[in-house]
Amino acid sequence: MERITIDPITRLEGHGKIEIFLNEEGEVANTYFQIPELRGFERFCVGRPVEEMPLLTNRICGVCPEAHHMAAAKAIDAVYHVTPPRPAKLLRELLYSGFYFTDHTTHFYALGGPDFVMGPDAPVAERNILGVIHKVGLEIGGKVIQARKYGHTIVEIIGGRKVHPCTSIPGGLTKGINEEQRKQIEEMGLWAIEFAQFSLKLFNDIVLGNQAYVDLILGDAYTHRTYYIGTVDDNNRVNFYDGLVSVVAPDGTRIGKYGPGDYTDWIAERVEPWTYLKFPYLKKVGWKGFVDGQDSGVYCATPLSRLNAADGMATPRAQEEYEKFYSTLGGKPVHQRLATHWARLIELLYAAERIVELATDPEITSDNIHTIPTETPTEGVGIVEAPRGTLTHHYWTDERGVVTRANLIVGTTNNHAPISMSINKAARSLIHKGVVVNEGLLNMVEMAFRAYDPCFGCATHSLPGQMPLQVTIRDARGEPIQVLRQHC
Amino acid sequence: MSDTFEPVIIGFTCNWCSYRAADLAGTARVKYPPNVRLIRLMCSGRLDPTFVLHALANGADAVMITGCHPGECHYIEQNYKALRRFLLLRRTLAGMGIEPQRVQLVWASAAEGARLAEEIARIVEEVRALGPLHWPTSTDLYGKPFSEEEAFSVTKETSAPAEVNA
Amino acid sequence: MSANEKPKFAMYWAAACGGCEIAVLNIGEKILDVDANFDVVFWPVAMDAKYKDVEAMPDGYITLTLFNGGIRNKENAEMARLLRRKSKILVSFGSCASEGCIPGLANLSSRQEILDTAYGTLTTDNPDNIRPQYSYAAPEGELHIPEFLPFVQTLDQIVPVDYYIPGCPPESHQIGAVVDLVIQALQGKAQLPPPGSVIGAGGSTVCDDCPRKRHEKKIKEFVRIQQIKPDPDLCLLEQGVPCNGPATRNGCGALCPQAGAQCIGCYGPAEGVTDYGARLITAFASVIDADDPQEIERILDGLPDPVGQFYRFNLAASLLRAAKPAFTGK
Ligand code: SF4
Ligand code: SF4
Ligand code: SF4
Ligand code: FES
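Residue numbers (this note's numbering), protein chains in the order written: chain A, 3 to 490; chain B, 4 to 169; chain C, 40 to 369.
Among the hints, a few may not be true.
Unchecked claim - Listed below are the simulated BS3-like cross-link pairs for lysine-lysine, each with C-alpha atoms no more than 25 Å apart in a straight line:
#1 C/Lys-252 x C/Lys-268
#2 C/Lys-268 x A/Lys-91
#3 C/Lys-45 x C/Lys-113
#4 C/Lys-45 x A/Lys-151
#5 A/Lys-151 x A/Lys-185
#6 C/Lys-91 x A/Lys-145
Claimed, not checked - Restraint-style ranges between C-beta atoms, simulated for each label pair:
#7 A/Asp-369 x B/Glu-75: 44 to 54 Å
#8 C/Glu-44 x A/Arg-407: 39 to 49 Å
#9 B/Met-45 x C/Lys-259: 24 to 34 Å
#10 B/Gly-134 x C/Pro-97: 21 to 31 Å
#11 A/Asn-25 x C/Gln-151: 32 to 42 Å
#12 C/Val-79 x A/Gln-148: 21 to 31 Å
#13 A/Gly-144 x C/Asp-340: 38 to 48 Å
#14 C/Glu-260 x A/His-83: 15 to 25 Å
#15 C/Asn-165 x A/Glu-365: 14 to 24 Å
#16 A/Gly-288 x C/Ser-243: 20 to 30 Å
#17 C/Pro-97 x A/Glu-181: 51 to 61 Å
Stated by the list, open to error - Derived coverage of chain C by chain B (criterion: at least 3 residues anywhere in the stretch with Cβ under 8 Å from a Cβ of chain B; other residues may be distant):
#18 54-60
#19 275-282
#20 311-320
#21 330-340
FYI, nobody ran anything at the bench for these hints, they're computed from the structure.
C-beta: ideal position from N, C-alpha, C; glycine also.
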């Protein structure tokens, strides 16, 4: 194989890097997915007053600051042993639903969707939001922009700011909403339901109506039989804000549910010397390396995982779609990673329905939004479902409520091992002796990636699905033979 | 090292009392260590914490702030203001790893030349015992303590032209 | 540049959270103005241009570069140098690039402490005490990750910067105003402010924009926001809540105090302030109602984290820049 030398300086741009090594036979020997950055929040949260955690940790990620804000908010409630009044909980969940609505819309239309709407073989230049708008029409493009705006507006009304909300404190919120704002949110919610239904229909028409796509989804290339986790309510329905984390095995049996206090019994993180990002796995099953199956503790935490880990959706329209999802794809659990896009749209509909439910709750405009904590702060864990996976914040404080220790297991990190496995699989299925490696590899890797909606803003700083990706292929002596790179 | 180390201490003194006290100490030939460089302010209330940070960031091993005794400030109660700032500053600096002995507040009237000299001597010895502060300044910030010579070599290229070609 | 050629635009993130990019995407239809008036030549979030493409550009080729994110590792520093060379106007965009922001609080610890913490948390399964290696000999070959530097630096500590846009993130309407201004300047219809200026923000403090009523009231204690139900119409600081408004530059429209929360200082130092923390120390000291040292100390006990309070966003840009452990490594 000819050696293609690219100046190593190109490495500088990669916030995510893949190294592929070939053996003497020219077959893939191994692949490494590396995350080149660390910022150290767990260290510098120490010494800060714990009520600042929702404000500091949201700077982990500007794409999902709401998730960190909420996980931190729940953790600081726990630290102070205080339960926010019901209206405060409702408001937080309402903010969170608005955020989900925006985030899932962005992913489907701007990031993940283009693969389907435009087709995986479309030229790169068209596989983007502009291409989508071009294909589906300007009117829809306007709707997408509207949808993102509505979600952000809900976040701003309750959270005080569009990016990095500022209103959650131990025991509740610093502000409520008035009737006028409630009404505005309800109207946006009703619109959101229509938009979500429309998006599902679009997916139906374009993707499910096309056998080639269905085959692609169901194909083996994007299938991993892993464990799945996701938060569920008392009736085992998907919930983003609160509940227990349900853990489901590759064969679909629920092996347990854990609350925030027990997460350490379930989750552990492995360190590898060649990347800054850790690899979480299910402690009860154990780390067996980058492999799937019942014996490997590798798990996934994505929209698909949440559906797999639950028994259904808590709102009627989303429930209907949930049933259709599993009947179309042949029952639970669904292991095909590309089905994540569909699952995400079902969650989009749920978020929209939930906005309306919450906005019409008689208590939502109550000014009973804060319980002043009276207990001595100690230790607390908060868990929410970030769009990209279960997010866990754990703080310990001294008796003044100053953080003495912190542990954060962030959304995307959950999926670090499965993403690495997807890359490995894509590489092995594409690179063989004598086969010229081309952009096809990147496309395939890219699609594997996008399903997870990886946000290395959490781990590092790239936007979801747009991680500048570099793939280096090395021969048996470790020499680079080819470097492919792309912002996927 | 510590017996050859001569701390550099910046003293911010009030014009009406402590500066005169220092003056008095000088004219009365009361000996005090030469380590303190005095900067005269009209009143301790003029002390901006920025001055202290500047001094520490640029090579001072310690800072001494002096003012009129409580109740004797010529501007009525500005020295209480100085006291509050000082106490808050000291707590802040503690969070940066700067020992409390390195920033001290001394009250001294114009007549207390001898006492001021004693206080200065005390502070000098306390700081001498601590050793140099040696806060990395802009010149060695990127150098010595670290191996990343290259990463830290500041290429302060000439400022780029800001004009825009339309 | 020939008359028919559009000016070139670039945006880059170093050690950032992505919020700055989101804020730019949120400027709505103004983004179309950017598209109409500029050739976007490099913007990893929005388009696929490669690092080597930037390398290949002549020096000064890019008219306007918005650089967000701090300098946390070697890679960030190298990108800063490259983009400085290639850009006519380099804008330090957002709090991370301009003052280190929240990630700059890492400067209170040594690199060792940060790594030991991250790879030794409660759930970390690391019996061999592994740390990521800048260069690691995997069985198949050598792997590299960029070096984690001893402390966070601001963009202008690495290269000269022409303008600063403050905020974490900058508010979208402010970004829109800057886009307008630059476009006008390019068309010769407006003048850019002198280099080194802060743009896209106000010239006074958050307090000046804050609708809460202020009296010359002094306080007998600091309170944590969760401990009280604050009066929604009165200044939070005068109710004892540590609000950073008095030292913070205006520009956001005083969003947080209007949402019932204290200003935490994301717009950085107000005009003319040399050291943000020093200004806040002065402001906080002046509301304390006590003359007796012991009484003052008691009141100050109500501020459990002065260094974090006063340098929350600004540590890397402060006069001292970092705490001792970051410098000494211990
Ligand atoms: S300034 Fe704030 S919004 Fe911008 S990258 Fe930094 S943390 Fe994110
Ligand atoms: S201190 Fe805070 S609450 Fe008071 S006026 Fe200033 S910004 Fe408003
Ligand atoms: S009030 Fe303060 S913290 Fe809030 S957005 Fe404005 S400058 Fe930032
Ligand atoms: S005049 Fe001496 S302290 Fe005010």
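To see whether the hints hold, each was checked on the structure:
1. This hinted pair checks out: C/Lys-252 and C/Lys-268 have alpha carbons roughly 16 Å apart, not beyond 25 Å.
2. Of the pairs offered as hints, the one joining C/Lys-268 and A/Lys-91 holds, with about 17 Å between alpha carbons and a cut-off of 25 Å not exceeded.
3. For the hint pairing C/Lys-45 with C/Lys-113, the CA-to-CA distance comes to about 33 Å; that exceeds 25 Å, so the pair is violated.
4. As the CA atoms of C/Lys-45 and A/Lys-151 are separated by approximately 30 Å, the hinted pair breaks the 25 Å bound.
5. At roughly 16 Å between alpha-carbon atoms, A/Lys-151 and A/Lys-185 fall within 25 Å of each other, so this suggested pair holds.
6. In summary, the hint linking C/Lys-91 to A/Lys-145 is not supported, as the alpha carbons are separated by about 37 Å, beyond the 25 Å threshold.
7. The hint said 44 to 54 Å for the Cβ distance between A/Asp-369 and B/Glu-75, and at roughly 51 Å that hint holds.
8. Range check, C/Glu-44 to A/Arg-407: about 56 Å between beta-carbon atoms, so the 39 to 49 Å window is missed.
9. In this structure, B/Met-45 and C/Lys-259 meet the distance hint of 24 to 34 Å, their C-beta atoms being roughly 30 Å apart.
10. For B/Gly-134 paired with C/Pro-97, a C-beta distance near 51 Å fails the hint of 21 to 31 Å.
11. Hint check: A/Asn-25 to C/Gln-151, Cβ distance near 38 Å, so the stated range 32 to 42 Å holds.
12. Separation of C/Val-79 from A/Gln-148 is about 24 Å and conforms to the stated range, judged on CB atoms against 21 to 31 Å.
13. The hinted window of 38 to 48 Å between A/Gly-144 and C/Asp-340 is violated, with their beta carbons roughly 56 Å apart.
14. A hinted range of 15 to 25 Å holds for the C-beta pair C/Glu-260 and A/His-83, which are about 23 Å apart.
15. For the pair C/Asn-165 and A/Glu-365, the supplied restraint of 14 to 24 Å is violated, since their beta-carbon distance comes to about 46 Å.
16. For the pair A/Gly-288 and C/Ser-243, the supplied restraint of 20 to 30 Å is violated, since their beta-carbon distance comes to about 59 Å.
17. For the pair C/Pro-97 and A/Glu-181, the beta carbons lie near 59 Å from each other, so the given range of 51 to 61 Å is met.
18. With 0 residues having a beta carbon nearer than 8 Å to a beta carbon of chain B, the region 54-60 of chain C misses the requirement of three or more and the stated coverage is violated.
19. Residue count for the region 275-282 of chain C with a Cβ under 8 Å from a Cβ of chain B: 0. That is fewer than the three needed, and the coverage hint is violated.
20. Coverage of the region 311-320 of chain C by chain B holds. Counting CB-CB distances below 8 Å, 6 residues qualify, and the rule asks for three or more.
21. Using a Cβ-Cβ cut-off of 8 Å, 5 residues of the region 330-340 of chain C lie near chain B, which meets the minimum of three, so the contact claim holds.
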